[in-house]
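Peer 1: Letter by letter, the chains look like this.
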Amino acid sequence: MNFDYTDDQKALKDEARRFLLAASPLSVARGVLEHPAAGYDAALWARIGEQGWCGAAIPESYGGLGLGYVELCALAEELGRALAPIPFASSIYLFAEALLLAGSEAQKSALLPLVASGELIGTLAVSEGPGALTTERIAAQVTGGLLSGVKLPVADGMAASKAVVLAQGEAGLGLYLADLRGPGVTREAVSTLDPTRGMARVSFDGAPAEPLGTPGEGLALLARIHERGAILLAFEQLGGADRCLEMARDYALERYAFGRPIGSYQAIKHKLADVFVKNEVARANAYYGAWALSTDAPELPLAAAAARVAGCAAYWMASKEMIQTYGGIGVTWEADCHFFFRRARHLGLVIGAPRDWKRRLADRLEERVEAEQAA
Amino acid sequence: MNFDDSPTEAEYRVTVRAWIEANGPDLSVLAPEERRAWHAKHKEIARVWQATKADAGYACISWPKERGGAGGTAIDEAIFNQEEARAGVQFTYFMTGLHMLLPPLMEFSSDEASLARVAPAVRGDEIWCQLFSEPSSGSDSAATRTMAVRDGDHWVLNGQKVWNSGAHAADYGMVIARTDPDVPKHKGLSAFWLDMKTPGLEVRPIKMMSGDSELNEVFLENVRVPANQMVGATGDGWKVVISTLMNERAALGSGTGLGWRDVMDIARNSPAFDGSTLDDPAFREWLADYYVNAEAIRLLSFRTLTALSHGKAPGPEGSAGKLLWATQTQELTNQALDIQDAFGLIDDPDIALLNGGFQHRFMWAPALRLGGGTDEIMKNIIAERVLGLPGDVRVDKAVPFREIPTGR
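Protein chains in written order, with UniProt numbering: chain P, 1 to 375; chain U, 1 to 408.
Errors might be hidden in some of the hints.
The following label-pair restraints were derived from C-beta to C-beta distances [claimed, not checked]:
#	chain 1	residue 1	chain 2	residue 2	range
1	U	38	P	327	51 to 57 Å
2	P	372	U	276	17 to 23 Å
3	U	366	P	38	45 to 51 Å
4	U	403	P	22	50 to 56 Å
5	P	363	U	356	27 to 33 Å
6	U	356	P	334	54 to 60 Å
7	P	363	U	348	33 to 39 Å
With a Cα cut of at most 25 Å, we get these calculated DMTMM-like pairs of lysine to aspartate or glutamate [as the list claims (entries may be wrong)]:
#	chain 1	residue 1	chain 2	residue 2
8	P	320	U	289
9	P	271	U	331
10	P	271	U	4
11	P	271	U	375
12	P	320	U	5
13	P	10	U	5
14	U	312	P	4
15	P	271	U	171
16	U	312	P	7
17	P	320	U	171
18	P	320	U	331
19	P	10	U	4
20	U	312	P	14
21	U	43	U	182
22	P	271	U	376
23	P	13	U	4
24	P	320	U	4
FYI, nobody ran anything at the bench for these hints, they're computed from the structure.
Here a beta-carbon is modelled for each residue, glycine too, at the ideal position from N, C-alpha and C.
Input sequences plus hints: build the corresponding full structure.
Peer 2: Structure follows, in structure tokens:
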């Protein structure tokens, strides 16, 4: 039993933090915010690719480093802390995981090495409108290998060249692999609350698409992909929430009111202590998720839902209370606080809102109790 | 990051699980009214179990053998504790001594007569209580007014203590007293251990809002304590307090008891307007929120364990666990009543669900948020010791204790 990173993992994490301090200061996120056309910072993405991070958990046989998922979680925590404006989550936590879970040998061999090097950016294209992903909601369909429909919003939809698309097939909802630069695809950037993580409207009109995984099992596969992504995203949320708390703490030490640092007032101290506790809850659940992901434990679906619920709650609270601690300067464009406030919502919604994950969590608990009673 | 047992740990777990199954006490011999803490028969079963564990090397596993322990590892001890809790045979009688008071005694005292008290406590033959809090010294735990004055080879203690868990049944106590009122308050304290039968010491139970009476007031009137029973040097009292409280919070934060399974059980048996409450989306959302907090408490105890296994002391982050545990207990018990509607008001063990366990716990929850450091003190500790925020403005820190304003 070990509730911690190993020494090697800590060294990797420290190295990543040093790298990102230099390569991704908040001015990089601000650059994308103020010039959002690309939806990400291509130069930073190239440097991340050179570091080999995209392939951290991709097996060596597919061109990755094969380090493992705890290592990928450590990187995710640092990327979240740095607020890196890159399509890492879409391409690595979701697209690569979709391929690893459901891809044929040919699909994996063709695409994973390109994903691992960072040359290929992939994403998931599932949402079509407000609310949960139900069978009735999805209108996109594939007939005779050609995909038609509109996906909105698609995270990193402008940056990505490939997408895993949820669409109706002859056997029901399935996942399909489509080339976003190929014929029959048009796309346009959409304005969102977090321009540092670009999103797009992607329209398919007879675009070639091949099945990924068993046709008709789209929602079940998507749930498994989202579970794996939820754990990795929870580490980004944790890194972001920790940074919010540190920034709020630092500001509370600097800023004086009534002749004292505002951090000496219990109103601020107790607020930040509450944030700390929420972050600890997120950390505990994220770590458990990392363990479940790295060992492919049967507890993975429960651990993933718990990590997501706790991660969403922590980042939301830490980002809004950081602004509150900063006071007036915190709500200006010039201050950096709003980057985190935006990112907290992006990460909290991109694979489904906490409400949906709480529903899943309760389902898993009920299953667990039934299994315990049967045993 | 690994939440699995190592092969050695797994083997140890199998061994102790089988041993507990074969040797553990049978509580079913007790009538329902005898199954309450501090009932004589309940306490006797706990004592026999503690001695059985000590004989087999399962009491205070990580302590040195010469002190009655088994010279094992902190991980072994934690595994045993988990298995003991799992089997429902964990008792609280010895925890104050074994988890809170005797570790600092062993750390700060080199007096053999004092250290000789450790082994009988490990066996459960002697029970310890903590005599720290006072009517004017709660959260302000260095505001101790109980005085200790040297008289030959004794110290003479006068004062009043309060909230002393189990003092009515304890054989020994650890007491904090002021040995120098002319220096700032943290510097003038000293710790002693004493026999609870010492003349001049009187214990009066306090009836709590829950109806239980396991907390007490303790009055000390010219209580003579041999000088060798001072724990540490004169003026070391605050260090002993801190060591004890850190151990207490680490222990409280990993608390067990009624949990999400039990509230699900009640929800399953409580109809809502549309199916059972377990199917109610509002309940399920609450359940998810409760679970992530409860799970964090469980997982954070593994972090304390990881620190211990690396030879580190539990740190101020234990305060987060204590804060969570107390607030979540209140949250859980309140929800358990809510989902039963008016039936939730019934606390008669013969009628109420789960023998009224949630109702009883509900009436204890406010005390849990106060004892062992209030929510507010936990937040101060987190803010100051973890986040590094400044202490509040203090009017009592640099002045001699006797000059500190006391109010009414």
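Peer 1: Now look at each hint and say whether the structure bears it out.
Peer 2: Consistency of the hints with the structure:
no., hint, verdict
1, 38/U - 327/P: 51 to 57 Å, "holds, 52 Å"
2, 372/P - 276/U: 17 to 23 Å, "holds, 18 Å"
3, 366/U - 38/P: 45 to 51 Å, "violated, 56 Å"
4, 403/U - 22/P: 50 to 56 Å, "holds, 54 Å"
5, 363/P - 356/U: 27 to 33 Å, "holds, 30 Å"
6, 356/U - 334/P: 54 to 60 Å, "holds, 59 Å"
7, 363/P - 348/U: 33 to 39 Å, "holds, 35 Å"
8, 320/P - 289/U, "holds, 19 Å"
9, 271/P - 331/U, "holds, 19 Å"
10, 271/P - 4/U, "violated, 35 Å"
11, 271/P - 375/U, "holds, 12 Å"
12, 320/P - 5/U, "violated, 39 Å"
13, 10/P - 5/U, "holds, 22 Å"
14, 312/U - 4/P, "holds, 14 Å"
15, 271/P - 171/U, "violated, 42 Å"
16, 312/U - 7/P, "holds, 16 Å"
17, 320/P - 171/U, "violated, 52 Å"
18, 320/P - 331/U, "holds, 24 Å"
19, 10/P - 4/U, "holds, 20 Å"
20, 312/U - 14/P, "holds, 22 Å"
21, 43/U - 182/U, "violated, 44 Å"
22, 271/P - 376/U, "holds, 11 Å"
23, 13/P - 4/U, "holds, 23 Å"
24, 320/P - 4/U, "violated, 36 Å"
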